[in-house]
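Keeping their order, the protein sequence lines are chains A and B.
Be aware that the first sequence starts at 1, since it is given in this note's numbering, and climbs by one per residue.
Be aware that the second sequence starts at 483, since it is given in this note's numbering, and climbs by one per residue.
Take these hints with a grain of salt, some might be off.
Stated by the list, open to error - Distance windows between CB atoms, simulated: (1) A:178 - B:974: 38 to 46 Å; (2) A:21 - B:596: 38 to 46 Å; (3) A:278 - B:781: 51 to 59 Å; (4) A:201 - B:784: 56 to 64 Å; (5) A:192 - B:813: 52 to 60 Å; (6) A:189 - B:781: 51 to 59 Å; (7) B:599 - A:35: 44 to 52 Å.
Stated by the list, open to error - So the derived list for chain A, only partly shown, Cβ under 10 Å to chain B, looks like this: (8) 31; (9) 33; (10) 34; (11) 363; (12) 364; (13) 369; (14) 370; (15) 372; (16) 377; (17) 381; (18) 382; (19) 384.
Claimed, not checked - Only part of the chain B face toward chain A is listed, based on derived beta-carbon distances under 10 Å: (20) 900; (21) 901; (22) 926; (23) 929; (24) 933; (25) 948; (26) 982; (27) 986; (28) 1014.
These are calculated hints, taken from the structure and not from any lab test.
Treat the numbers as computed from the prediction; the structure is a model and nothing was measured.
C-beta atoms are modelled at their ideal positions from N, C-alpha and C, and glycine is treated no differently.
What follows is each chain in one-letter form.
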Amino acid sequence: MDFKPLLLWSDILLWAMVAGCVALAFYCRRQDYLRRAWRRVGESGVAMSSATILAAFVSVGLLDSLHYQPRLPAQEGSTEAQYAPEVLSALDALVADLRLNKEKTYSAPLATHAFAKETMERDGVQTRDYPRLKWGGAHLEDVAGRDSDLARRAASGAFYGLLLWAAVVGVAVGLMALARGAPYGATCRTVWQPGTAATRPIAWRAVFATLAVLSVIGGITAAWAAGYHVFGTDKVGQDVLYLSLKSVRTALLIGTLTTLVTLPLAVALGLIAGFRGGWWDDAIQYLYTVLNSIPGVLLIAAMVLMMQVVIDTHPEWFETAAERADARLLALCFILGLTSWTGLCRLLRAETLKLRELDYVQAARAFGVGDARIMARHILPNLMHIVLIALVMDFSGLVLSEAVLSYIGIGVDSSMNSFGTMINAARLELSREPVVWWSLAAAFVLMLALVLAANLFADAVRDAFDPRFQWRARRVVKKVAA
Amino acid sequence: MSGPDVRHAVEPLLEVRGLIAELDTPAGVARAVDGLDFEVRAGETMALLGESGCGKSMTAGALMRLLPDVGYIAGGSVKLAGRELTTLTEAQMRESRGSDMAMIFQEPATSLNPVLTVLQQIGEVLATHRGLRGAPARARALELLNAVGIPDAARRLDEYPFQFSGGMKQRVMIAMALAGEPRLLIADEPTTALDVTIQAQVLDLLARLQRERGMAVLLITHDLGVVARMAHHIGVMYAGQLIEQAPRAAFFTRPAHPYSKLLFDALPDAARHGRGELATIPGSVPPLTTAFTGCRFADRCPQAWSRCHDEAPAWHEAGEAQRVRCHLYDPAEAARAVPLAAVASQVAADDRLPRAQAPLLSVRDLKVHFPIRRGVLQRVVGQVRAVDGVSLDIRPGRTLALVGESGCGKTTVGKAILRLIEPTDGSVSLDGQDVGSLSRSALRSLRARMQMVFQDPYGSLNPRMRVGEIIGEGMGALQQGGDGVAVARLLEQVGLRADMADRYPHEFSGGQRQRIAIARSLAVQPALIVCDEPTSALDVSVQAQILNLLGRLQRDMGLAYLFITHNIAVVEHLAHDVAVMYLGRIVEIGSVDQVLGAPRHPYTKALLSAVPRADLDAATLPQKLAGDLPSPADPPSGCHFHPRCPRAQARCGTDAPVLEGRDGRQAVACWFAD
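Pulled out of the complex, with its shape left as it was, chain A reads as follows (with noise of 0.2 Å):
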């Protein structure tokens, strides 16, 4: 074999967590209150717009879970296979040229030259000039010719992605209109024209432009990032679009990992208090206080410290410096965990407070049915929504936490790539004479896009759960004749 898959932990989770959602999908077919819910989140064009983004960064996230070591040349007289010490991953085997060609310190985006000038032979004469680069543009015999180069394949670019979309499309269309067991045409005529059918359609439509623009956009991108450096280089000479496509997997690890620590804690607590009242609901109450009272940024630190000190001390218990990385990432989603449960502790025992005086579950008690099954047959489902609505919301609050932390320095390894680390770089860019922008920019662009997509998605979710949910009228007001 040539490679030798690895499983860090935070892939076991991961993976673990989208088997968790494909399970949550059919507990929720069979739901028929969340799957009307689920539906009504089908039905708005914003939610299926900003769903297919997220989706496209999960894509990227998940095939960057995918890790191996490669396999080293066979030494000499040794039959044994060696496994480099690097770790990789299925996305880095994907974009090997964005990895592998360095330049050797900073260029801009789309440059042929470095940023910075170098002392060079030219004709026998030294001379200090911008040099080219070792990558960008260095198929190019005459510089002048750049534009044209970049504009033609911006062109076949686009031109591929669109013809991969068409493909896409084509495909979900028939697969469409084979379950529904309608004809081909009708099936592309009711997604396109969903009209003023009875009943309000799942917006196929947004789903399918915004395919169109990720198709064209991916496509361009990728017929650049052949020849060119998309988003320039950072210091060290790597590629800022491998480092921004790398750091997604960071983004969504610490936004979905870390409510696995915070849901139990969050329910089982706000559960209790709620439900028992008297001495349960004082003692949580004053535990979720005083954690709120304590400056977060300060805590964090402190345990963020500590553990650092400790991960240094046991480097016995890592293979790969991957897996360092990786421990400290999961720590720190703990750690995160830990301290934001309380907001959505304190909802959920409101919920409760008011849930267990409803004639249900006086019924219930009137059976004699237990507390323990009280609280999971009528009082958990009926605080699922909030649970959901609280996770999608908190989702983008940790994105942008875990960039912060970053910045600061005690948020994920410096050897891991993040939104923050890069961030944290800018820092010294950003204060450069000529400016260096495009790492700042690059994390700021990739991270607006997924926080905007999952906090629009978190707005439809609000909606399409909330009780009081009505439609706006479709028709406009007709003006009566007097």
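On the provided structure of chain A, position chain B as indicated by the hints.
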């Protein structure tokens, strides 16, 4: 409108012609108001009567142009004093609201802003419509509060809504509505959320204000008793349409439409006392998204024939100034115009059980006090005496009705009997077994013997569980199986179909949900069911179905009911014995004939006379009860009722009377009982 009518002498104030209002719901466009024609004259009360879901409130919303987000007016005209309202701009409409017409709502608790004082809220209207600010506004607000009968108005102007009781809040609401001096007052179920004694006060107030000011009132209600008391003219709504219009006298002597007749027959009252079955209207109001072809009531009408299903009926004259939308009154169908057959299913001989039987449930001196805690250390500074020494007996197969105003502790009694609330003192024994001293596990087996049916059929079923699971839960918890067969049998027993077990509660109407709740409590084969206002959230026709069901189950299975209610008519129909509660204590207890026929306690008398009757004799002046129920945290000394009692003397304020009966008459707690 046509027809020779003296009322035409006066120009109508409000004239509605062909009004159509629609709602764009996920299920399709619902035409909640479909071609409404009616008019209201100054000084006159027009009542819109109908079950929930008939479009009554949507009509009010359309008149005020205050429809929900998904609603819009799709056609027709609304003229107020000759001015077309549907074409006004929103800004013009805002001016009209409050000054030309005002509205009071059902729930006084939520229609006042809790963070503004009463003066600020009335002042807002005065500033907008009358241009009054500062001292003149205060003076005017004071006048208004005096006009609506709020005692000590000068001080209460600066109080917040939470400092007012429910009835007082509704008075404030009325004062606010009057502040703009409207010519038309729309009252949307103005007394539905209030107790009967308070309802009587508010209705009197509305009638007096109307006389004084010559206002037109559009009264929206489902209560025939309120209509009988208030209305001059009545419009019956069904599924978005008016189906009958009549003056009060004609309507109450000869209701014309089969639906109106059935509404009267479905009302429980003393006339049919003896536990006969009430007339019911099968089914429920059709969803308004339906595209109607024939008469909208045809599916539920006992007199419908093929024409009713095929052709929508036009208006026909049914008497002087009485018009009805029914084919029966078509002159061409004169042969069919036979009166609706009287309800045949009178249950024969009274099924009273021998009186000597040992009581099934025996409650002695039950007390439930809730501690009031204050301060950091949560010290107990007082007690809310929700239930303060209640004793009662229920024999197998009989019904004891527990009657009283809200806040008198009747629900707490029910829950304390089931130990859903731990009693503070006293004893409850079922079949001679003391419920209060049982351990948790021993209590569980006793749970099968007594069950509860709750008031709100929407809150008492877990929306996340299927009907089958809901019904099976009790059987499962008490180890009685709970398989599909048992659930199916129970569903059929309460008049539902067995295949409904797989559905969720939201797919059912209120009446069906209450049937499911009853099936759930029947599942464990109890001997006693505590029914906590099981019909108060339901429409009259559905209430009749549930009362019939409860009566049938009692006869078939020998169930005993503790029936908690404030609805005297239901008591007359269903109960064998009655206990009247006031502020945590029983003031009168005895058989239904004794207590309702010859009440001895002044409170019982006042309560009975405050009930609006659905007949024309409603004019008899009720014995009015002043003031509100005092707080159970600080009950009056002596007899709790003495501050409101017309007969109170010095002794009543110091000594509490004990409940005692003499000469075979009902027991009563009053020093000066009849």
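#### Entry: Hints violated by the structure (listed by number, smallest first)
Those not satisfied are hints 4, 6, 15 and 26.
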